Amino acid sequence: MSTLYILVIASILLAGSFLVAFIWSIKTDQYEDQEGAAMRMLQEDNIVSNQSLHIKD
Amino acid sequence: MIDTEPELLTKNKKVKAATLCFHCGTPCVTNTIQIEDKAFCCDGCKLVYEILNQNGLCDYYTLQSHPGLTQIKPVRSDKYAYLDNEEIAGKLYKFTDGVRSIVTFYIPGVHCSSCMWLLEHLHKLNLGITESRLNFTAKEVTIHFNNGEITLRKVVELLVTIGYEPYISLDDAGEKKIKSFNKQRLYKLGIAGFCFGNIMMMSFPEYFGNGLGIEKQYAELFRVLNLILALPVFFYAASEFFITAWKGLQQKLLNIDTPIALAIIITFSRSVYEIATHTGSGYLDSMSGIVFFMLVGRVVQERSYRSISFHRDYKSYFPIAVSVVTSAGLVCRNIQELKEKDVVQLNNDDIIPADAIIVKGNARIDYSFVTGESELVNIKEGKVIYAGGKHVGEQITIQIIKPVAGSYLTSLWNHYAFSKNKVEENRRESVIHLLSKYFTWALLSLAGITAIYWGINDPSKMLQSVTAMLIVACPCALLLSSTFTNANLLRIFSNNGIFLRDASVIEQISAIDHIVFDKTGTLTHGNDDVVTQGSELSEQEKTWVYSVVRSSKHPYSQMLARHFAGTGIVDTTYWLEIPGKGLHAEIEGHKIKVGSKIFAGGDAYQPTDTAAVYVNIDGKVTMFQVLPALRSNVPQIMASLNKNYKLSLLSGDNNRQQKELEPFFSSKNALHFEQKPIDKLNYIEALQKGNEKVMMIGDGLNDAGALQQSNVGVTLADDVNTFTPSCDAIIDARQLRKFPALMRLARRSGLLISMSFGVSLLYNVVGLSLAMQGLMKPVLAAILMPCSTLSIVLIAWGISSLMAYRMGLSVKSAS
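Respectively, the protein sequence lines represent chains V and P. Start counting the first sequence at 95; every next residue gets the next number (the working numbering). Start counting the second sequence at 243; every next residue gets the next number (the working numbering).
Because the hints were derived from the structure by calculation, they are not lab data. Just so you know, these numbers come straight off a predicted model, no measurement behind them. Please note: incorrect hints may appear among the correct ones.
[As the list claims (entries may be wrong)] Each computed DSS-like pair below joins lysine-lysine, with the alpha-carbon atoms no more than 30 angstroms apart:
| id | chain 1 | residue 1 | chain 2 | residue 2 |
| --- | --- | --- | --- | --- |
| 1 | P | Lys602 | P | Lys425 |
| 2 | P | Lys333 | V | Lys121 |
| 3 | V | Lys121 | P | Lys425 |
| 4 | V | Lys121 | P | Lys489 |
| 5 | P | Lys557 | P | Lys494 |
[Said to hold, decoys possible] Covered by chain P, per the in silico footprint, the following chain V stretches (three or more residues, Cβ under 8 angstroms):
| id | region |
| --- | --- |
| 6 | 106 to 113 |
| 7 | 118 to 130 |
Where a beta carbon is used, it is the ideal one built from N, C-alpha and C, also for glycine.
With the hints as extra help, turn the sequences into a complete structure.
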């Protein structure tokens, strides 16, 4: 039955890690702009424009 | 973005082949502005393209087609000169140490992913900018830059050149408002959820007794762990209930949080007692569940619209700085430091910052936002002009006669109507608030009776049954039913184009019996209808008129130019503008006169007011009259509202449209014209004295007083992100047709809440009767609590969605 001790601790730790992740996401303002993040992930930093910048400088 | 061909083009075959501007998608009038195969509508758009092309930022055009905003109206080159003034600039910085600075601008033009992409690549356009990040929801761009390499003025001007002019107003110079989301409540929600879940899990063995074969030592361990997990719920997550309850008690008020706080405290202390004395496992699961669900309800209800502001006053309309003429030349000065006798220079489209006298030049002022009067007013040198008006035309010089805060317009904000707190008042009048008062008293007396009964019959059961009762009767179900109904209604309203300040507005709307409308900008919109009288113009004559008026800056000429736009241009052999009279021109031997009645010889016509212009072609006269056009759907909307509400009209404009508007109202007395802002406020107050609940629908600063005084002030906006005066709700003008249906839905909200409240009461009665008899078991409480909560949430959500669906409203979000 002592496995129960380990299981209880493990389960609380696991749930706790989700809680920490949730708090972190609030802290880093991830709920501030929900539309923007969805668009940003689909945009790539264009390689061509990066190159042209270096040539010019 | 959809490239719809504008009406203007389909009407006229000549320009049908016109291409759309590569930058902004506006149809090109001429085909001369081109780069390679790309056509542009104006030099402004071409310039933006060139800048982006040079810097390798043409991906802007691949993400969305025609993502730009038209640049046809150029920005004056010294418009942002005031940002060179360190004192003014200092007020805009979010952070600065003299070397690096961070600044945030609100950019109304942001609308698509291309906008975001470009605004986040500003560092490619200027190396002084180190980082830029756009908050798309709030339309705010935060820019980090090095002061040594680029000035604030240059940053703003860079934004202007790429077509994203920031909106900077006097409001930005004030204290930085915290528009941020309620983070504290989210933290509480997370913690309550975590503790609730774990407590439920560890209470399982208790629910099933020793049937699972759990040994006693473990049962003890689980109870202690539960207690530890319940501590943060009780001391942190539930703190706001205690605080509001305590604040209410201090004012000798029983608010809805009082019985909830009481239930939480009693549940917690009884559980602690049971666990400490090894007599039971307590009700910690129920307690944390209540706290969790209540917090969920509040988070959902506290829906915030980040890019919409409900608390604006004249400050967000006024500019931040003006050019003052001093002995040392032109100086930019903070508008709040303007003193009497200061001499100020105003350019085209500038807003008059304070009441003043014109020293030099003739002003043409648009007071529509301040008074509702839609016609431009011509004011001569030496006359007084009032703050808030917009100057149109050549540069003028004015001398301030009153400080900004003492101006005719701003003094409206000193009226006592602005000192009351509508949010607080709504809460006090709320049905939930009244119910909770009775509920608390009823509960306390029931508890008293139970205590006396058991005190006589079996004192050992007294404490147990009284505490169980208070736990079970917690009005969380009542509160949940209203929070979830309101949360869903708020969501449905916003999906259909009405944004409410908070949930208490729904209840206020449901009680409305009188709706007052403003005219200019509300029932009518910015686009004018041109009414013609006299001889009909041929296609060729239209071309002539357009060619004559297009180079004149007079508003009537521009009105005609807009009316005849796209008809083509012919060369004039002779052209003369006579100020105060009109235009005189000759085309292909035909004499053309455009101007006033006397000048063009239009004596035969009777305009309904002065806003008329006459065209004389070889002695043949036609009169053109401008009338603000009614918004589409207005007749249907008014007819539908007329069934359930009293309607009135308060207009700052003259009565030229009275005939047109009269059919919408039940009596002639309901229409009032030439109303000053304070008259509007007083009219609303008079209605309220007659025990009417009034909704005011307006749009401009001239309605601000009436919006504030009314029970529900609604602002109609063509673009919800532009300036709107302080109000309780904002309607998107494009969705106006849904307004009657939404009013009906709001009226039903009371019924919706009572329905879900009825269900919750059923659970309470069952629970209470068990508790009073001393039969309440932890298992039962554990089952009853989440079941009642979930069913109430589902009922509240389901019925309100169903009702909205049956009224033809969109239930699902559009995006």
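Now for the hints, and whether the structure bears them out:
1. Distance restraint check for Lys602/P and Lys425/P: the Cα-Cα separation of roughly 54 angstroms exceeds the 30 angstroms cut-off, and the hinted pair is therefore not satisfied.
2. For a cut-off of 30 angstroms, the pair hint linking Lys333/P to Lys121/V stands: about 27 angstroms separates their Cα positions.
3. About 8 angstroms separates the Cα atoms of Lys121/V and Lys425/P, which keeps this hinted pair within 30 angstroms; it holds.
4. Among the hinted pairs, Lys121/V with Lys489/P is consistent with the structure: their alpha-carbon atoms are about 29 angstroms apart, no more than 30 angstroms.
5. Between Lys557/P and Lys494/P the alpha-carbon distance is near 37 angstroms, which puts this suggested pair outside the 30 angstroms criterion.
6. Taking a C-beta to C-beta cut-off of 8 angstroms, the region 106 to 113 of chain V contributes 5 residues in contact with chain P, enough for the three needed, and the coverage statement holds.
7. Only residues whose C-beta sits within less than 8 angstroms of a C-beta in chain P count toward coverage, and the region 118 to 130 of chain V has 8 of them, enough to reach three; the restraint holds.
Consistency note: the structure conflicts with the earlier hints numbered 1, 5.
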